[in-house]
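Student: Residues per chain are reported as follows:
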Amino acid sequence: MTARAPLRLCSLLLAGAAMAALLGLTGCATDGGYGYGYDYDYVGPEYVGPDVGFDSGFWGPDYYIGPGYFPGPYGERGHDHDHDHDHPHFHPYRPAPSGRPPPSLPHGFPHGGGVPRAGGGFHGRGVGPHH
Amino acid sequence: MGRKAKVLLTAALVAAAALLASEPLLAAKRGAPVLPPLTSPATNVRQAGRVVWHDLLTPDLAVDERFYGALFGWTYRDMHSGRHTYVVAFADGVPVAGLLERPLPRDGGRRPQWLGFISTDDVDAAMHAALEHGARDVSKPHDYPQRGRQAVLQDPQGVAFGMISSTTGDPPDWLAEPGQWIWSALFTHDAENEAAFYQDVFGYDVYDLDDSSDDATTGSGAVVHLELASHDYARASINSLPDAQARRSRWVQFVRVESAWSAAAKAQALGARVVLAPRVDRQGGHIALLADPSGALFGVMDWPDSDEGSAAGPAPPSVGPHGGPP
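Protein chains in written order, with my numbering: chain P, 1 to 131; chain B, 1 to 326.
Since the hints were made in silico from the structure, they are not lab data.
Don't be surprised by glycine CBs; every beta carbon is placed ideally from N, CA and C.
Some hints could be false.
To be verified - Which residues of chain P face chain B? A partial, calculated answer using Cβ under 8 Å:
1) His91
2) Leu105
3) His107
Pulled out of the complex, with its shape left as it was, chain B reads as follows (with noise of 0.2 Å):
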């Protein structure tokens, strides 16, 4: 090896050395902050299907965590995400969101939204299978701290929707507690195709929950509800969503509450707006459905414990636009 060939070979160590000492340093001066695990203690066990984390985009962080503050009981910790604020919502004391602010754009006809993450052994060969079959990614997987290996896509309907391997493993697979996450449901035009493409990607089990009811349509046609499930437990829906022009697909998610009814008024004192009256869902839950201060939808559902055996929740007087008590 000639002196020249030594010395570059020499200058190529060092920088690399050099390369690799200076990340943590950095990350040190800069106090990179560390997103919480999923779950802590760690589980490591994942349930493949099951939403396991939500983060809220909202261009007015201070008004959505005082108003989710208020409804749910949620604390937060400040996680100093570098350009953006991003917040870990806490409820009582189970790290259940994250509220991420951006800025809405200018363009007009856009809300803030609610982004719901769902469990996969492997977020690379999820994100394969999902963009083989129609998806589009918006962010390819990177791995963050104790959180784990996380991607966002597009359906092939257009709707986000995220994917992410816990590195601690999922939350425990119990029936969520008031204030926490419960129920997930995509509104679609194309409900069996999209039903496919999730079952192609998390390996749901598919129900077909058609009433055959006369009174199950929309106006416009026979509704379309199916439920994904995986071990054996119902993960999520999908409903079928009328008027194309209309509407658009959309992932909406559900917090669990004591009562649908008080939620929603209480929702509604906070700047909430009532999108659908809490009504009797089914199987003894009650569902409504919210927009946040800041726009964004969500769903709050209570849900009688199966080994309470108590399905009425209370019945306040109707609030909202739509619907009403039963």
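Pulled out of the complex, with its shape left as it was, chain P reads as follows (with noise of 0.2 Å):
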């Protein structure tokens, strides 16, 4: 009985060693290879975009896309696009306070000159990735 004691604890621990090594590359097939346990795999085929039907067209002369205030010479042109003045109704989002003007893109730092106003992290020109 003594001798199968050892016997047995050995064999456990080769049963442990081999559940890990399995489970270790369990891992590595699931992750298909990408660090720490994850392929870079994180859509199927079917998000592929649906055909959105823009081919067509839809644009009138005025359809606008891009930002709706510029902060330079064109600044003039924002003005105050809170409508619930004149004309109330219920909006299912929370709109921007009456009296500010949409913002616009940042600035054109760094070779524009602006300052940043966002990202307090930042510390002037000199530190970015284009330096």
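Two chains, two frames, a set of hints: combine them into the complex.
Tutor: If you want it as structure tokens, here you go:
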């Protein structure tokens, strides 16, 4: 009986190691080789997008897409677009406060000389990927 | 504790140790690639609501690599992503996009697409909020080395989008350089409810840019043009789509170019289709919608630098089937 105990222990250890190896290999297979357990494969083929039917066109002459306010010499064309005073109706979203013009894109920093307002972690010219 | 229990405990400990040891070894063996961080050096600042990363799902990576490389000057680094081919595109050394090769399903009626990832401080919390407001998860939150934690969802209208919490923070919040992404537009049949959804998830300020103009129509009713803003910067637009039967809701991402006219003409020469010919957009920028050689929709936009004060871009002859030069 005393000789069988070490044998059983050894068997258990071997089984445990084998299980661990199996689990590790399984993880490797399921992640497809992308590190930390995941393949970079977040969507299946069904999420290749549907044909959106844009080719037929639908844009009228003033169908705008871009930002609504330009802060430079065209800034005067920005205006308060909150229509709640004139045409009160329910918005499912919370409209921006009345009187606040819609913001524009970030300024032309670094080469344009603007100052980034957002992201307090930036410390001015010379810091960032362009330098 | 009996002998049997000790033996079992020991075996469990050994198994756990082996398991912990196996992953790094296996990762090293397979040469696990690491995605480049979104920004280097780290900014450690995130601008929630900003679209900070873009992935293209395409059935023909080589074709699209050549196309975008020739059009925008992008260079690439192969990431060898397991079963799939994934490359990261760089614009002047700055990582701007990923291109992931995926087969097109055989059912037809589908196209490759660009997928934008919106920055958030907490992917899990944003995911939870999105699901509570009618979204569906496509890919649950995953951690990627150096990149960060990200997830992919469909919004209540079924439009795919991603969210990401970058490990190193978001890129500096400057005006995009040519070759970098500058704008995102969501075309949808339910603009106001979609605005509410994205506001609930990402905390946007929502501005109504309705022109109240008779011309601002699509031929089937007034348009809705909303702007999503965060940190006092415009991040994206939400535009209403006409003809619910004919068109599907979709995010479209825009790359900044020196001239939308020149970019559209060049793209056409490289095999793209011009979906919306270059035209003047709000406040001096010009915009065009294109479909790359694989069929993925994207936009180009020239935008006058606010400090240079030049709003009028060059206007070569008309390109494409719709619209035309002003």
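Student: Would you mind marking each hint as holding or not holding in the structure?
Tutor: Verification of the supplied hints:
| no. | hint | in the structure |
| --- | --- | --- |
| 1 | His91 | 6 Å, holds |
| 2 | Leu105 | 6 Å, holds |
| 3 | His107 | 6 Å, holds |
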